[in-house]
Every structure is written in structure tokens, then in C-alpha cells.
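Each chain, letter by letter, is given below.
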Amino acid sequence: AQKITQTQPGMFVQEKEAVTLDCTYDTSDQSYGLFWYKQPSSGEMIFLIYQGSYDEQNATEGRYSLNFQKARKSANLVISASQLGDSAMYFCAMDNYGQNFVFGPGTRLSVLP
Amino acid sequence: EAGVTQFPSHSVIEKGQTVTLRCDPISGHDNLYWYRRVMGKEIKFLLHFVKESKQDESGMPNNRFLAERTGGTYSTLKVQPAELEDSGVYFCASSQDARSATEAFFGQGTRLTVV
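Note that the protein sequences, when read in sequence, are chains X and L. In terms of the working numbering, the numbers along the first sequence are unbroken and rise by one, the last being 123. In terms of the working numbering, the numbers along the second sequence are unbroken and rise by one, the last being 118.
If we strip away everything but chain L, and leave its shape as in the complex, we get:
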């Protein structure tokens, strides 16, 4: 069974440009999460989809970030326009049932560098 896949694995863009990150969750997983690791040990929650609906987007830093999950399958996270402080590793995770899941699966992350 394929795990959570994220594309691209690395992206280097200039300040002001647009980047779109993609996450393909495990088939059948209704819950999809986006996180960002900026530096060190902290991993910041961005948002949570249940199927195609945004369950919680309280972690989205500002309106330069737009997440979508059309059809409840894969999700995209667009940053437009990118700023230097957006650099970091963006992780996606999926699980079947957020309340009772005993496993959640993380992708390998997308390393975004804004220069």
C-alpha cells in the first residue's frame, strides 16, 4: 500500500513567487493535516481537512496560504506570494478517523526554500 506522498520533495523559489505543494494521502483516509517545521523542534499545525472540508484552519499563518482538497482526495497548499519566512519543511499526514485512529501516516515532507 502506498503511503502519504508529497510533491515536490524540494523547492527553491524567489521571494514573491508562487509555489504549490501537493499531498496525496493514503487512499480512504478522510483526515488530512498540513504542518510546517520552520526550524528546530517545533512543528506548527496549519490545518485539518475532513474529506474536502476544512475542519480547522486556525494554524494558517496568513492569507498568502491557500489549501484545497477538491474531491476529498489529494490536497494542495499554495503560497502566494512567498516570503522569506515561509521557508521550512511542510509535512502532510493522513488518518482514517481523527478521534479513534491508532495510526497516522506522515509524508516525507516538502522542503521549501525562499530566497
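Isolated chain X, as found in the complex:
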């Protein structure tokens, strides 16, 4: 069964600094996708970035990048130049293409002024 682990319940970062949110996953599938979502206090889930298991290059989307290390089964999210508006819950998730979609427990990021 698929499983996502996020070992950091809460993280603090100074504004304008970079921060890495950890995510490790467990799956026996060869094809899968990894996602990161941001959940502000409103409850909505905002898609941030996606990495396919066969993608050779790490995904990047603006200030977000995904540090994908397949052999270690990790997919850490890196946020560069943190902003106050980045304060939110962040969820790592994995999809084995139609069969299961699994979320991690989330990391609460607080950006300090």
C-alpha cells in the first residue's frame, strides 16, 4: 500500500529565506506521481507542483521546486524566498495513476517577518 510520510508537523522560516519541507513515500509501483498542495486557512487545496516518477529532471514552478530523489523515495518541496503569504499547511500526495491517491499528514509552515 502507498504511504506518505511528512516528519515535520510544524516549520518556521524567516521571510525571504528558503525552506525545505520533507516528504518520503512508500510504494511498490513503478509509475506514480508526486504532488504538493498548499492549504491556507480557508481550507482550499492549492496545487503547487507535480513530479512524475519517470521525470529525470526535478520539477520547478516559480519559487517552488521539488527535490526528487527516487532511490531514497523522497520528494521534498523547496520554497525559495519565503513570503508571509506562504504560511499555510502543506500536503505531499502520491498518485499511482488512477488506483490510489494518498496524502501525507501535512506540515504547517509559519513564515516570520
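Worth double-checking, as some hints may not be accurate.
Covered stretches of chain L, as calculated for chain X (at least 3 residues, CB under 8 Å) [what the hints assert, rightly or not]:
| hint | stretch |
| --- | --- |
| 1 | 35-42 |
| 2 | 108-117 |
Restricting the straight-line Cα-Cα distance to at most 27 Å, the calculated cross-link-like pairs of lysine-lysine (DSS-like) are [as the list claims (entries may be wrong)]:
| hint | chain 1 | residue 1 | chain 2 | residue 2 |
| --- | --- | --- | --- | --- |
| 3 | X | Lys13 | X | Lys83 |
| 4 | L | Lys18 | X | Lys80 |
| 5 | L | Lys57 | X | Lys13 |
| 6 | L | Lys81 | L | Lys44 |
| 7 | L | Lys57 | L | Lys47 |
| 8 | L | Lys18 | L | Lys54 |
| 9 | X | Lys83 | L | Lys44 |
| 10 | L | Lys18 | L | Lys81 |
| 11 | X | Lys13 | X | Lys80 |
| 12 | L | Lys47 | L | Lys18 |
| 13 | X | Lys13 | L | Lys44 |
| 14 | L | Lys44 | L | Lys18 |
Derived from the structure by calculation, the hints contain no laboratory data. Yeah, the Cβ is synthetic: ideal placement off N, Cα and C, and Gly gets one too.
Guided by the hints, dock chain L onto chain X, whose structure is given.
Structure of chain L alone, referenced to chain X:
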């Protein structure tokens, strides 16, 4: 401790029929959220319960969707009548305190297919 459970895991219904999805949050969690993944990467917020009250239902697409959480425990999401575009995976999540929770837990989802 049991996690968030959703029932059924899969449902295939015909257009025009009614389907009721159920979510059992983690015991003691006041906050319960419903989301829908239609395709691809987007996950749409549907609504948020705090105990039995609807805190925010701005994401409910139309009046064919009705969510309830009687007694502040489990929640149901009814779609009546179902349309083809309602197909997708419906997720439920729960947390203790929406403002300060450091963990939120998602169910495995209910895959709804409307044919």
C-alpha cells in the same frame, strides 16, 4: 487509532440517480472537509464543517450537492440527481483545530463514476 474512513471506496451510478458518500473522521476531530478531484492535479474544496455546523460551503458546485454532519460525528455528501460531470474522487479530511492543527488526515477517497 482508526484514521479517516470513507465509504464506499468506489461507486458507479447512472446519470439521474442518487448517491450518498460517507466520511467518518478521526474521533474528536471537530473539523471535517470535503474535496473533489475531477481530473489531473486540481483538488477542489467543497465545504468545511466545524462540528455539525457548515463553516464554509462556498465550494459546493450547485444545489444537487447536500452535505450533512449530524451530531458532529460522521458526515454524508449526497448528490441528487447525479450528472456526468460529478464523476471524480471525493476526499474527506479531518483535523482537531483548523487554525493551529499541525496534522490533518485524509481518507482514501470515494471514486464516483457517473455513466
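Does the structure keep Lys13/X and Lys44/L at a Cα separation of 27 Å or less?
Roughly 18 Å between the alpha carbons, so the hint for Lys13/X and Lys44/L holds.
So if I understand the rule, the pair passes when the alpha-carbon distance is 27 Å or less; does Lys47/L with Lys18/L pass?
Within the cut-off at roughly 22 Å; holds.
When you check the alpha-carbon spacing of Lys18/L and Lys54/L, does it fall within 27 Å?
violated (32 Å)
For the stretch 108-117 of chain L, count the residues whose Cβ lies under 8 Å from any Cβ of chain X; is that count three or more?
That given contact holds, which follows from 4 residues of the stretch 108-117 of chain L lying within Cβ reach (below 8 Å) of chain X.
Holds or violated: Lys57/L with Lys13/X, Cα cutoff 27 Å?
violated (30 Å)
Within a Cα-Cα threshold of 27 Å, do Lys44/L and Lys18/L meet the stated pairing?
holds (25 Å)
Holds or violated: the stretch 35-42 of chain L covered by chain X, criterion of 3 or more residues with Cβ-Cβ distance under 8 Å?
Result for this restraint: holds, n = 3.
Given the proposed pairing of Lys18/L with Lys81/L, does the C-alpha separation stay at or below 27 Å?
holds (14 Å)
Take a quick look at whether Lys57/L and Lys47/L sit within 27 Å of each other, Cα to Cα.
Given pair Lys57/L, Lys47/L holds - Cα atoms ~17 Å apart, limit 27 Å.
Between Lys13/X and Lys80/X, is the straight-line Cα distance small enough, at 27 Å or below?
holds (15 Å)
Does Lys13/X pair with Lys83/X here, judged by a C-alpha cut-off of 27 Å?
Judged against 27 Å, a Cα distance of about 11 Å means the pair holds.
Next pair to validate is Lys83/X with Lys44/L; report whether the Cα-Cα distance is within 27 Å.
holds (20 Å)
Of the numbered hints listed earlier, those contradicted by the structure are 4, 5 and 8.
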